[in-house]
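Enquirer: For chain D, the structure is supplied; the task is to place chain A on it using the hints.
Chains as they are written, first to last, in the working numbering: chain D, 1 to 407; chain A, 1 to 407.
Worth flagging that the hints you see were computed from the coordinates, not collected in a lab.
Among the hints, erroneous ones may be present.
If several chains are the same, the list does not tell them apart, and a pair holds so long as it fits within one copy or across any two.
Lysine-lysine pairs mimicking DSS-like chemistry, simulated, CA-CA at most 25 Å apart [said to hold, decoys possible]: (1) Lys48 - Lys292; (2) Lys119 - Lys64; (3) Lys170 - Lys248; (4) Lys367 - Lys119; (5) Lys24 - Lys381; (6) Lys381 - Lys48; (7) Lys119 - Lys381.
Computed from a prediction, not measured in an experiment: that's the story for all the values here.
Spelled out, the chains give:
Protein chains: 2
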Amino acid sequence: MNKIKGGVTIAKGFEAAATAASIKYQDRSDMALIYSEVPCVCAGTFTKNIVKAAPVVWCQDIVKNSDNAQAIVVNSGIANACTGEVGYQYCQATAETVAEELGIETTAVLVGSTGVIGKQLPINKIKAGIKELAKDKTASVASGNAAAKAIMTTDTKEKEIAVEIMIGGKQVTIGGMCKGSGMIHPDMCTMLSFVTTDVAISKELLQKALSAVVDDSYNMISVDGDTSTNDTVLVLANGLAGNGKITKEETDYQQFVAALREVNIFLAKQIAGDGEGATALFEVKVIGGESKAQAVAISKSVITSSLTKAAIFGHDANWGRILCAMGYSGATFDPERVDLFFESKAGKMQIIENGVALDYSEEQATKILSEPEVSALVDIKMGDASATAWGCDLTYDYIKINADYRS
Amino acid sequence: MNKIKGGVTIAKGFEAAATAASIKYQDRSDMALIYSEVPCVCAGTFTKNIVKAAPVVWCQDIVKNSDNAQAIVVNSGIANACTGEVGYQYCQATAETVAEELGIETTAVLVGSTGVIGKQLPINKIKAGIKELAKDKTASVASGNAAAKAIMTTDTKEKEIAVEIMIGGKQVTIGGMCKGSGMIHPDMCTMLSFVTTDVAISKELLQKALSAVVDDSYNMISVDGDTSTNDTVLVLANGLAGNGKITKEETDYQQFVAALREVNIFLAKQIAGDGEGATALFEVKVIGGESKAQAVAISKSVITSSLTKAAIFGHDANWGRILCAMGYSGATFDPERVDLFFESKAGKMQIIENGVALDYSEEQATKILSEPEVSALVDIKMGDASATAWGCDLTYDYIKINADYRS
Numbered sequence: 001m002n003k004i005k006g007g008v009t010i011a012k013g014f015e016a017a018a019t020a021a022s023i024k025y026q027d028r029s030d031m032a033l034i035y036s037e038v039p040c041v042c043a044g045t046f047t048k049n050i051v052k053a054a055p056v057v058w059c060q061d062i063v064k065n066s067d068n069a070q071a072i073v074v075n076s077g078i079a080n081a082c083t084g085e086v087g088y089q090y091c092q093a094t095a096e097t098v099a100e101e102l103g104i105e106t107t108a109v110l111v112g113s114t115g116v117i118g119k120q121l122p123i124n125k126i127k128a129g130i131k132e133l134a135k136d137k138t139a140s141v142a143s144g145n146a147a148a149k150a151i152m153t154t155d156t157k158e159k160e161i162a163v164e165i166m167i168g169g170k171q172v173t174i175g176g177m178c179k180g181s182g183m184i185h186p187d188m189c190t191m192l193s194f195v196t197t198d199v200a201i202s203k204e205l206l207q208k209a210l211s212a213v214v215d216d217s218y219n220m221i222s223v224d225g226d227t228s229t230n231d232t233v234l235v236l237a238n239g240l241a242g243n244g245k246i247t248k249e250e251t252d253y254q255q256f257v258a259a260l261r262e263v264n265i266f267l268a269k270q271i272a273g274d275g276e277g278a279t280a281l282f283e284v285k286v287i288g289g290e291s292k293a294q295a296v297a298i299s300k301s302v303i304t305s306s307l308t309k310a311a312i313f314g315h316d317a318n319w320g321r322i323l324c325a326m327g328y329s330g331a332t333f334d335p336e337r338v339d340l341f342f343e344s345k346a347g348k349m350q351i352i353e354n355g356v357a358l359d360y361s362e363e364q365a366t367k368i369l370s371e372p373e374v375s376a377l378v379d380i381k382m383g384d385a386s387a388t389a390w391g392c393d394l395t396y397d398y399i400k401i402n403a404d405y406r407s
Numbered sequence: 001m002n003k004i005k006g007g008v009t010i011a012k013g014f015e016a017a018a019t020a021a022s023i024k025y026q027d028r029s030d031m032a033l034i035y036s037e038v039p040c041v042c043a044g045t046f047t048k049n050i051v052k053a054a055p056v057v058w059c060q061d062i063v064k065n066s067d068n069a070q071a072i073v074v075n076s077g078i079a080n081a082c083t084g085e086v087g088y089q090y091c092q093a094t095a096e097t098v099a100e101e102l103g104i105e106t107t108a109v110l111v112g113s114t115g116v117i118g119k120q121l122p123i124n125k126i127k128a129g130i131k132e133l134a135k136d137k138t139a140s141v142a143s144g145n146a147a148a149k150a151i152m153t154t155d156t157k158e159k160e161i162a163v164e165i166m167i168g169g170k171q172v173t174i175g176g177m178c179k180g181s182g183m184i185h186p187d188m189c190t191m192l193s194f195v196t197t198d199v200a201i202s203k204e205l206l207q208k209a210l211s212a213v214v215d216d217s218y219n220m221i222s223v224d225g226d227t228s229t230n231d232t233v234l235v236l237a238n239g240l241a242g243n244g245k246i247t248k249e250e251t252d253y254q255q256f257v258a259a260l261r262e263v264n265i266f267l268a269k270q271i272a273g274d275g276e277g278a279t280a281l282f283e284v285k286v287i288g289g290e291s292k293a294q295a296v297a298i299s300k301s302v303i304t305s306s307l308t309k310a311a312i313f314g315h316d317a318n319w320g321r322i323l324c325a326m327g328y329s330g331a332t333f334d335p336e337r338v339d340l341f342f343e344s345k346a347g348k349m350q351i352i353e354n355g356v357a358l359d360y361s362e363e364q365a366t367k368i369l370s371e372p373e374v375s376a377l378v379d380i381k382m383g384d385a386s387a388t389a390w391g392c393d394l395t396y397d398y399i400k401i402n403a404d405y406r407s
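One chain only, chain D, in its complex shape (with noise of 0.2 Å):
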């Protein structure tokens, strides 16, 4: 598998822009489009926040009833959410202006939203905007580049990957990009994710590949604790890499599986990374489990301790606030066994052997702790199951944003 430049164009036939419509931004982009020359076929998993989005439940739909998804358009600003039944018909009527503009059907049109909760979209921008994508849409790079930025909000910078594997013979592209700063703590997947393939695969095992693989990685982040009324993850897949269609879970699938883990987990540390207000990625490896649910239930308590996180802003080795949030899990395990370690470009040194401190310099530790990418290596000692989770510290900036900003 080869990580190579770009994002969401780079799977063949497909192509994006973005247009700023003014809908909350007066100097940035804040609408994107993503297009597919041939109908694909698509997956999704969303929020499981019962108070979901407008667009999600417009999502849900196309994901589960249609097999001509063709375009997925996104809005930045307003998250049309909490906004009723005006906010289901501007769905609407944003998929109904995609599909006349690009000459589709209605039910081929994906629709995302991100930002202010509560707030009615501006649907004559909306419509205004969509006819400007629709006209400048592009296979380049840059025009994926160009979607991934229009479609931030808090983020600090555009999140996006392209990777190549040979599946059958043919060489097969993925590409993605997603935005997520803050209300980050994704119960089945995170805020906003789109995923481009040029792979041939049946609909179920696309969605299959994308259940397995949300689990691994934005299932596995959290950024405050707060899971989403938004949270939307996408794959489209125009099968134009011409390789035998995938329809059982033999050798391709697995290979596609693998890329696609590679690139959803890539993403999905680049919003945990990018968290509000963050300044360092903080990684969590619970290993010698006894089953992977209590590695997992271990690793995404530390990560979402707002002490931890406060210590590692700290650049504090201040382990016993590790220990803690292991204890408060819900998992079992034996504190008196457990042994930690901090690790990054720095070094990597143990903490604690069976559950008590050893002597090691608190110096050497900031050190360590003072890198933009930490993590935590928990070994527990009863079995050979391993998670990794991923989250960010917690700092006086995210004070700043969410004090100030109506999201």
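Expert: Relative to the frame of chain D, chain A by itself:
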């Protein structure tokens, strides 16, 4: 029921003392003693964190097996958590010293610690402190207040309460003190809370009363979602009020439970309002619930939401975050039937009716949310059950305290 001035020394036969033992702080008291001149029945609830501090393990044993509890000794500065076998031996040595100084059994001594995790107690300083405490104890209100101050860590003020009620024709008094500011998300009970009373009651009913009351008080508060390793609530009842001993769940019992509930809700709210860095106590009351469990889940989800807490800090009526936190609580309800009000000393106003925002004044909402105690009232219109939870805002100072403080 009358609220009166005082704390743990207010009930007949109770004395207290505080001393500066230089355990961690150099400029303040850090040890407290509560003593009853006659043996007490005692009840306790403890953290469910599987990483339990040594004094929690010690007290669980005493509460279960001892019928003659007579003293509680507490230190701040070091939590005696994650300290292994040595930590437990130090608990025992502490209890033995108290027993010797006071001329009581070792099994009559309860022990509490709060502060940094992972460090061993300076046992000689503890022993020296105990000698001072034994010498200095008095039944004065001032001694109770000094004890409440000595157990503080990042708390900004001492927390105590006293009430008197008539039970069976006799005046019964209940006094309490507690501490807690960070690592507050009790699952069973909060950090450290000590209640003394002269009521005559069986041990069994004292425990039953405490367990009932803890669910409506400490288990309904959160500062940061972190369930501590040290959470402990202890009640000592020495019987000196002279009421007919309460052995049945009849009127006397109900009256006592009502008073004990008021005492513990007061103490729990004091902890929430004095959360690390907090500028406001944030109360969330859910009414119209189908069941108590549902109302509890929704109210706790809202007070725990980092985004909601940051909005409260910003005096921002960001109702979308409240609806979002309700939605991921795990409880089922219809978002389109929700009514939401904000209330404080500055007034009350409705923000949402049937899931849709009213045309309310942001200026007026900000005024209401700028008070030191603010409430959100949520009606989900499904039944008669209700629940109230208490938290605080999330501020720059929370980050400051926890990025710098090795707790």
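Enquirer: Against each hint, give a clear statement of whether it holds in the structure.
Expert: Cross-check of the supplied hints:
1. In this homomeric assembly, Lys48 and Lys292 come within 25 Å of each other (Cα to Cα) both inside a single copy, at 21 Å, and across copies, at 22 Å.
2. Taking the shortest Cα distances, Lys119 and Lys64 never come within 25 Å of each other, neither inside one copy (27 Å) nor across copies (56 Å).
3. Taking the shortest alpha-carbon separations for Lys170 and Lys248, only the intra-copy value of 17 Å comes in at or below 25 Å, while the best inter-copy value is 80 Å.
4. Proximity of Lys367 and Lys119 under a CA criterion of 25 Å is satisfied inter-copy only: 22 Å between copies versus 45 Å inside one chain copy.
5. Within a single copy, Lys24 and Lys381 get their C-alpha atoms no closer than 51 Å, and across copies no closer than 34 Å, so neither meets the 25 Å cut-off.
6. Within a single copy, Lys381 and Lys48 get their C-alpha atoms only as close as 33 Å, which misses the 25 Å cut-off; across copies the closest is 22 Å, which meets it.
7. Taking the closest pair of Cα atoms, Lys119 and Lys381 come within 25 Å of each other only across two copies (24 Å); inside a single copy the shortest separation is 50 Å, beyond that limit.
The structure is inconsistent with the numbered hints 2 and 5, although it conforms to all the rest.
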